[in-house]
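K.L.:
In order, the protein sequence lines correspond to chains A and B. Each residue of the first sequence is one higher than the one before, starting from 1 at the first, in the working numbering. Each residue of the second sequence is one higher than the one before, starting from 197 at the first, in the working numbering.
Covered, in the sense of this in silico footprint (three residues per stretch, anywhere, with C-beta under 8 Å from a C-beta of chain B), are these stretches of chain A:
#, stretch
1, 86–93
2, 112–119
3, 151–157
Quick caveat, the hints were computed from the structure, so don't treat them as lab data. All figures in this text were calculated on a predicted structure; none of them were measured in a lab. Where is the CB? At the ideal position from N, CA and C, for every residue including glycine.
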Amino acid sequence: MGPLVPQEIIGADWNLFIAFAIGIGFGFVLEQAGFSSSRKLAGMFYGYDTVVLKVFFTGAITAMLGLLFFSLFGWIDLNLVYVNPTFLGSAIVGGIIMGAGFIIGGFCPGTSVCAAAIGKIDAMVFIGGIFLGIFFFAEGFPLIKDFYMSGDFGPMKVSELLGISGGLMALLVIIAALVMFKFGELAEKKWPREEY
Amino acid sequence: MKTNYMNPYLAGVLLGLVLLMAFFFSGRGLGASGAAKSVVVSAVEVVAPQHTANSPYYSKYVGEGKTPLKGWLVFEMMGVLVGGFLSGALSGRLNWKIEHFPGITANRRLVFAAMGGILFGFGSQLGRGCTSGSALTGMAVLSVAGFVSMMAIFGTAFAMAYFLRKNWI
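So here's chain B without its partners, still in its complex pose (with noise of 0.2 Å):
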């Protein structure tokens, strides 16, 4: 088959390349959802400061010195963006769209992806990361919670699976 896009196997040692360099340089692994976190913990601080004071959960990442937006990982997404925006630009694949199965309508499309945008934001605090931070990190560093990580969320997409199909194939 024609693709435009890298090999996987390729892409994956690239990507596993990236990685490693995120151990040996900072110490630490990739992650996305953190950077999510310290967006709405900040916003929550300009709207209400003596909520996120107050609050056990906001109160963690605020008050005097901490500023959650000159993060790590904030740093890294911004340069995720970056990355992308050259990768699609390089392959041509720049535009606006809203990409769905001709089956639905782009409005189904879009409630989908609002209801599991939802969903994997909650479960990334609760799972304590995502699937970059927890799963694919953790894995790297042969931790537990990285196995379980990868095996609830891929366990539980492919139980799922049948019952979505209609929205995919």
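In isolation and in its complexed conformation, chain A is listed as follows (with noise of 0.2 Å):
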């Protein structure tokens, strides 16, 4: 049955409207979860508040047992799902540098804009810093091109990589959350916050 607009279910035509349903849904999700508050994101990394952590992970899992469930169900075609390339370089130097921006700049950039929507002005700066680091990457594209392309290995998968199914993947990437939640608790507990 699904993915329905590849199979030509639903028209193409749809496609950008029901990703503007699926945005509203987004942003009203990451702002009700406090994502839109710079110092509740920082908090993850100081242990005052792990939000982050327990959407995050929740998300993850909750999206990848719906994907197994489904396609159990032929109710889509994992094959016709997109799976994001590794290029195993500019993965781990483009996360490093994301990594930086995130501890420095208190935001992403869904939750930057998250924040944006509510009026959060060191968000829309956030924003701008965003198109000026895309634009950077873009005008310096020709010197850093042979490193992009470098460690091809396709759309992989971890469970492929490791030779275990989709679902025991699942399963140990569950037992891991619920110990990083465990440990997120105890986390709060011990650094109490104020509410932002």
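Since each chain sits alone in its own frame, please combine them into the complex, following the hints.
P.N.:
So this is what it looks like as structure tokens:
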């Protein structure tokens, strides 16, 4: 059955409308969770607020299990679901630069737009920075291109890499998440804080 | 502790369901930085079309029949603006504000926000997606890239937290 648009069960004309509707849900949930506050987000890295850990991993696991069950029930063809390709070198270095941006700026791109939507001026400045950073990358691209294309593993899954089933991989992620949630709860008790 | 925010585990389940719907309807996950890329590409195209046509980077996204602003992520991020605004309105959180730790000035917060944005923008292009598009969505489809992004982003932020503590605690 699914995914509906790639299989033309729903016309491609609807895809942008669907994107908009899904974005509303995305923005609403992020804001309700408190991801519109840089101080809440940064709390993750000082232990006083681990909302990022809880929401991020619960979200990833929910979607992961949803995909596995949808596939099991024949509701979605996983071969038609986009899997982002792995370019190892640029993924690691890009991730390190993003991590620095996260702790320095207090947002990531999605959360900054969510925060800007409720009037956070620091988030608007962060978004301006994102545009500038992308512009720098685009202009410097010829210099970085070789590194950008290095370590190409294609759309590889961790379960394939480890030679285990998707279900077992999901179970391992769930166990790891439960352990981290426990640490998160302990950290919040140890370093209490005011509400923002 | 009293809070006006949603229970994080409930919010996580709802976030996962939104992501699952993106997979089910469109065969793709959520994202954010890709929309910013479309804006940058389109802006440079307007200012310097010759430059975009010749550049090995921009030329992938512009040209005959290509309209980067009519992309899935651009419409999704417009939805995020609307959804975030609605949530803020419902919960009484709409106000103009430079949010910062009381120990630092608003100006210092803005300077660091700008620097962080620049790094995140650059890194998201190098890493082929940000926390939403590469880490969250990638993990949901069990991609190696998703787990690598997640560990690199959060690992680095943890590793640098000590040096930036005066900004936050």
